[in-house]
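S.K.: Sequence:
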Amino acid sequence: MGVPEQLAERMSMAEQHEYLRARFSRRTMIRGGAVTLGAVAGGAFVPGATAQATPMAAPRTETVDGALVAPFGRHLAYGNDPRTEMTVSWQVPVAVKKPFLRIGAHPWDLSRKIEAEVRTLYTPAGVGTSADHTQYYIHAKLTHLKPGKTYYYGVGHQGFDPAAPHLAGTLGTFTTAPAHKAPFTFTAFGDQGVSYHGLANDSLLLGQNPAFHLHAGDIAYADPAGQGKSADTGFDSRVWDQFLAQTESVAKSVPWMVSYGNHDMEAWYSPNGYGGEEARFTLPDNGPDKKNLPGVYSFVHGNTAIISLDPNDVSYEIPANLGISGGTQTRWFEGQLRKFRARPDIDFVVVFFHHCAYCTSTAHASEGGVRQEWVPLFEKYTVDLVINGHNHQYERTDVIKGDKVVKKLPIGETAYPETEGVVYVTAGAAGRSLYAFTAPDSYEGHLNEVDSVASFVNTKDGKVNETVAWSRVRYLNYSFLRVDVEPAPRGHYAKLKVSGIAETGDRIDHFTVARKAK
26 MGVPEQLAER MSMAEQHEYL RARFSRRTMI RGGAVTLGAV AGGAFVPGAT
76 AQATPMAAPR TETVDGALVA PFGRHLAYGN DPRTEMTVSW QVPVAVKKPF
126 LRIGAHPWDL SRKIEAEVRT LYTPAGVGTS ADHTQYYIHA KLTHLKPGKT
176 YYYGVGHQGF DPAAPHLAGT LGTFTTAPAH KAPFTFTAFG DQGVSYHGLA
226 NDSLLLGQNP AFHLHAGDIA YADPAGQGKS ADTGFDSRVW DQFLAQTESV
276 AKSVPWMVSY GNHDMEAWYS PNGYGGEEAR FTLPDNGPDK KNLPGVYSFV
326 HGNTAIISLD PNDVSYEIPA NLGISGGTQT RWFEGQLRKF RARPDIDFVV
376 VFFHHCAYCT STAHASEGGV RQEWVPLFEK YTVDLVINGH NHQYERTDVI
426 KGDKVVKKLP IGETAYPETE GVVYVTAGAA GRSLYAFTAP DSYEGHLNEV
476 DSVASFVNTK DGKVNETVAW SRVRYLNYSF LRVDVEPAPR GHYAKLKVSG
526 IAETGDRIDH FTVARKAK
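In terms of the working numbering, the sequence shown is residues 26 to 543.
Because the hints were derived from the structure by calculation, they are not lab data. Possibly wrong hints are sitting among the right ones.
[To be verified] Only pairs whose alpha carbons sit at most 35 Å apart, straight line, appear in this in silico DSBU-like list of lysine-lysine:
id, residue 1, residue 2
1, Lys429, Lys543
2, Lys488, Lys315
3, Lys485, Lys433
4, Lys316, Lys166
5, Lys166, Lys315
6, Lys123, Lys206
7, Lys123, Lys174
8, Lys433, Lys315
9, Lys123, Lys166
10, Lys123, Lys171
In this text the structure is predicted, and so the values were computed from the model without any measurement.
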């Protein structure tokens, strides 16, 4: 994207953004061309993507006959309260007029019509391989829904009404979270991108009937380098169109809750690198810093609290956004943990984010910034499960506390976080090319247990080699995570039954996390 490599090495994400904007401003004036720094449609600006100093014309926004345009790329996300709030998001390939959502309790009763918001994202020729490409993302926020209820919905615009009989096949459904504790399943993975394997994993996890899905970052790989450097000439915003089309089979009915990884920072759109993501996703807005950390939030489903963090803020390995929150994220995180542990209706706390606290991959291995900032909080507040991506493989630890194994956790065994420690799962094999281990694979039906594994951790002083004993399960092929949540009467053990599922459908790992229900 136009910055010399040696310069990009020293630039933060905000500096890369300023460099690109200034460079394109000068070039545009010289050529007499026109680009936009954030087109407006439906009254909504893309956050952080407004013009800097030089006014420039917007791209053409003429609309075509709406009857000739079908929405695609539907994806759901919970609001702050999953019992009563849901956002439906989708995309159209060209500008349309008056987009809307219809919703009802039955597919034949979609009388309720809700106006939708358009967020237009323009990428000019010369920014990576994109060529004057405009993307139209549409969002409809729903509130005052009933807990535990299934709704039917359709998305449309002037000329395309999903309530029309011939468009009945375009309808989707979603179910809100229940008002009380009840069993449910959720799934998780990271590092997906656009590929056969990504599509296959989507198909397989849909069959698990999850209440929601967690995506632990590196979502579409429009930026294939992912180093937070604007020197990446392979950036292509159009990959997002392919990704959302691929994901629709699941995300149109299952809330797709994302966390942002290093490949999700795109310098052109905003100083924090997330302007593009803010156009594409509407996530809960209860985090500590919506301006700098839009991917940090929490939500509660049944007896389980879920917290999404942004490790780009603490990463020594890829420091383009290192320190962007000024410590606000960590303080907020501790406050969330304290609040959730005090709530009588919450048994489990699950945390997911991109960079790994503990992993023995030969690629990225472990992130020292995460260990330094957040691992002490995981242990202090006895977090029940930590889910990561970043390393493209499946790996699961023993029970860890103070960087040491406090209890071996063979396949099929149970961990008790209240009295023992924390279990970490790397589930980064959702679709991208796989990495490697220094030790042999060891998984269900194929055990190769070893006493220690050679690895390293990324620190502020660079890579530091370490030999670890906590690597319990290793599987080097495509896979995802399934978690079955089983509530229990007060005083009895509630359970998280965690399974690693291969793309073949085979189970490669399973263990239980148990905690006395409140």
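S.K.: If a hint holds in the structure, say so; if it doesn't, say that too.
M.R.: How the hints compare with the structure:
Only pairs whose Cα atoms come within 35 Å are accepted, and Lys429 paired with Lys543 is accepted, the gap being roughly 29 Å. With a CA separation close to 32 Å, the supplied pair Lys488 and Lys315 stays within the 35 Å bound. Straight-line distance between C-alpha atoms of Lys485 and Lys433 comes to about 30 Å, which keeps the hinted pair within the 35 Å bound. Between Lys316 and Lys166 the alpha-carbon distance is near 20 Å, which keeps this suggested pair within the 35 Å criterion.
A hinted pair counts as satisfied when its Cα atoms are at most 35 Å apart, and Lys166 with Lys315 qualifies at roughly 17 Å. Proximity of Lys123 to Lys206 is assessed by CA-CA distance (about 40 Å); at most 35 Å being required, the pair is judged violated. For the given pair, Lys123 sits about 28 Å from Lys174 by alpha-carbon distance, which is consistent with the 35 Å threshold. The suggested pairing of Lys433 with Lys315 is violated, with an alpha-carbon distance near 40 Å, which exceeds 35 Å.
With a CA separation close to 15 Å, the supplied pair Lys123 and Lys166 stays within the 35 Å bound. Distance check on the hinted pair: Lys123 and Lys171 sit about 27 Å apart at the alpha-carbon level, within 35 Å; holds.
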